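Protein chains: 2
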Amino acid sequence: MLGRLYPDEFCSSARALEIVGERWSLLIVRNAMFGGITRFTEFQRSLGIAPNILTKRLGEFVEAGIFELRSGDGRGHAEYVLTRKGRDLQPIIIALTEWGDRWAAPDGRPVTYEHEGCGGRVKVTMECARCGDNPPDTSVKVRVARRFRDAPRVWSGRDVKDRPA
Amino acid sequence: MLGRLYPDEFCSSARALEIVGERWSLLIVRNAMFGGITRFTEFQRSLGIAPNILTKRLGEFVEAGIFELRSGDGRGHAEYVLTRKGRDLQPIIIALTEWGDRWAAPDGRPVTYEHEGCGGRVKVTMECARCGDNPPDTSVKVRVARRFRDAPRVWSGRDVKDRPA
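Protein chains in written order, with this note's numbering: chain A, 5 to 169; chain B, 5 to 169.
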């Protein structure tokens, strides 16, 4: 765990960033998730990350329950294996990739995510659980749970009580 | 733009993190997107962020085309307004929030995203564009575009050519 850097933040996106918001964090998870990497030396080689930073990040991930440290692969190498909590980061990684494909990929889309077996492209979509629509970004509003409306930090510079919902 | 911290990375998720991977970045975007915040003092107050860091982040965002700096709101205050590129970060923020709701929200879900008008909850889903299924995370594989297979960094510690696709 990286510590409460946003002590007054109650929103789950802030809490999530406390755990996975460091630069290398999601790339480490990505390489485990899609590259099948489990060993320290493989993470290091595949990312070109400094060993001391990698040691720190993997330790934090194990502490946060994102990776589980297993004692060996039969040849004495410790293995870092994603837990359910870690695998649940998949939509974030795919959403980041899609944004990068659109806005930061001048040479075209470098990787695609495929549905195994079917071979179709897997995409992240926003969907309304009630009507089934895929709303445009301007139609998505935030509603703060009642018990959090007096929290020290709110989403807006204005008083949250002045806002709808 | 934060500079190429991952010079050997070709994947769009790495390129996206170069732009929005710093701790505060996505919270600034979140407060603009869902809190309607446009002014420096509002960002500062709503996040409790140090002014020098906020100045740096907003400057980088304007340079990267995520915010557009408008000269005034009629009372002489400069306004930072999200561009299309910035608004396209919405699925990443919602996916982060959902992960935090599941794994870092001991007091329950602090905010929900609502479909305006309909009032339904907006969720991020992974969907196969071919068969329409919502594949489990274990059924999503990565395919590296042919022209990137000799890139210096690959997803795996093994040679990418040894891997399917």
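These are computed hints drawn from the structure, not numbers from a lab.
Quick caveat: nothing in here was measured; it's all calculated off a predicted structure.
There may be inaccurate statements among the hints.
Since copy identity is lost for identical chains, a pair holds within one copy or between any two.
Unchecked claim - As a list, the in silico DSS-like pairs of lysine-lysine whose alpha-carbon atoms are at most 25 Å apart: (1) Lys145 with Lys60; (2) Lys127 with Lys89; (3) Lys127 with Lys60; (4) Lys127 with Lys145; (5) Lys60 with Lys89.
Comparing the hints with the structure gives:
| no. | hint | result |
| --- | --- | --- |
| 1 | Lys145 with Lys60 | neither (37 Å within a copy, 28 Å between copies) |
| 2 | Lys127 with Lys89 | both (20 Å within a copy, 18 Å between copies) |
| 3 | Lys127 with Lys60 | neither (32 Å within a copy, 33 Å between copies) |
| 4 | Lys127 with Lys145 | both (22 Å within a copy, 12 Å between copies) |
| 5 | Lys60 with Lys89 | within (19 Å within a copy, 33 Å between copies) |
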